[in-house]
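Student: Residue numbers (our numbering), protein chains in the order written: chain P, 446 to 676; chain E, 625 to 886.
Because the hints were derived from the structure by calculation, they are not lab data. Built from N, CA and C at the ideal position, the CB exists for glycine as well. Among these hints, one or two may not hold up.
Here are the simulated BS3-like pairs of lysine-lysine, each with C-alpha atoms no more than 30 Å apart in a straight line [as the list claims (entries may be wrong)]:
| id | chain 1 | residue 1 | chain 2 | residue 2 |
| --- | --- | --- | --- | --- |
| 1 | P | Lys610 | E | Lys769 |
| 2 | E | Lys769 | P | Lys575 |
| 3 | P | Lys575 | E | Lys701 |
| 4 | E | Lys883 | P | Lys575 |
So these bits of chain P aren't anywhere near chain E, every CB distance computed over 10 Å [what the hints assert, rightly or not]:
| id | residue |
| --- | --- |
| 5 | Phe455 |
| 6 | Ala512 |
| 7 | Arg528 |
| 8 | Leu532 |
| 9 | Arg537 |
| 10 | Glu538 |
| 11 | Leu564 |
| 12 | Leu579 |
| 13 | Leu655 |
| 14 | Leu662 |
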Amino acid sequence: MRWDVFFGSFPTLLSALPVTLELAVISITLGFLLAVLLAAARLSGLRALAALAYAYVYVIRGTPLLAQVFFVYYGLGQLDAMRNSILWPVFREAYACALIALSLNTAAYGSEIIRGGLLSVPRGQIEAAKAFGLSPTQRFRHVVFPQALRAMLPAYGNELILMLKGTSLASTITIIELTGQARILASETYAPIEVFLAAGAIYLGLNVVLSFGVRLLEGRVQRSGGFAMEG
Amino acid sequence: MNKTELPASQPGLAVPTIESRDLRKSFGAVEVLKGVSFKAYEHQVISIIGASGSGKSTFLRCLNFLEAPSSGEIDFKGRSLEIGGGRAPTRIEIEGLRRRTGMVFQQFNLWSHWTVLENIIKVPIHVHGVPRQQAVQRAMDLLAKVGLREKVNAYPASLSGGQQQRVAIARALAVEPELLLFDEPTSALDPELVGEVLAVIRALAKEGRTMLVVTHEMSFAREVSDKVVFFHDGRIEEEGPPAEVLRQPRSPRLGAFLKSVR
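Go ahead and model the full structure; you've got the sequences and the hints to work with.
Tutor: Listed below in structure tokens is the structure:
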């Protein structure tokens, strides 16, 4: 173990951290928005729409994220229709492909978490809200949402951690984020143990901060019964 | 206790608080309510009894549209909500009716993410626009009334069933309802907790509140209510003052039912 290489690799590795964070933040955000739509589709009561959303979730959850990244980057580019379409400038870029694959992936998992959270709210409590004349919007805002949020936060926190680590797969399609940078540095220094230990330490540090943040949020939601839902 | 002799004997003189005309409800091919016509006047306490599956709970839940009736008419305070024949009350009309009634459920259905106080003040604040301070003041009075002032900041999960049901009653009273609906309020309680809840409901009856109580508690029906309504197979089989209906039932079915619950 060469400690000088271990410590010396941090500045180079950290220079790639913004790319990792950007991939994570953007795909988590886009994925969440899509997840909300998917969950809404599944709970819409429209059978065709629900089936479509279910099929999507089923396929995404049943295939590896790495395969999805390859499919979007290498696979779609093989199609003439794609290369001739107006979307080609987007799908030509590895960075955009990584974002698309990551977002589509987390959306599937996220939608299941959101759906589970919404379904966890006891029917009787929704019925009580109805009986007292709350409108559908009021029922959602005051009764369903705060409880669903509470139920889904731990699982969603877990998904965020998986996504943060999932960004490392972007390195396989030429993107130099944290893992990609680590691979370059390892081949330059011939010290893969030191370099990947350092990279691992950075991921670990990020996830410690992330879990702490989620736990803080959980505590807050637990105490107040929703964020700022105070009357 | 018979404070409602007047409207009951002279129905022409008063507008019922709630009235149903030929109310029907089907779940798929099964008709659960087969034409129920019913009136409740102000200050009346009416016990609704019957075997399970007789339609009594469905009837109560149709009155505030928790179950959508298939056809018939419901008048609340003289305002008609007609169902069937291409007519259905609007969401606004239904919410309007619900906001003037209070309901107590068999399973309490308190909102578990809120404290006892929040359970009581949220509807007045968000639905009725009552200022927070006033809602809190009223909630404290109601909690004192149901004997749970010290539980004001507790969460429902930490309360016994009887305590939860008393909070649920306070929640229903907080909206100053013109009609209280009780759907088997003591059926989910351990036997030793039934008394404390019945005592609260009895006190409300004495105040002259208008109440419909679906119940299996025959002693409650006998002692507290002005009228007893017996449901059988989706219809009102017999109704009248408890002394008559419960002591000398005319219908053999009611006679058999009374024997079975004793």
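Student: Output the numbers, in ascending order, of every earlier hint that fails for this structure.
Tutor: 1, 4, 12
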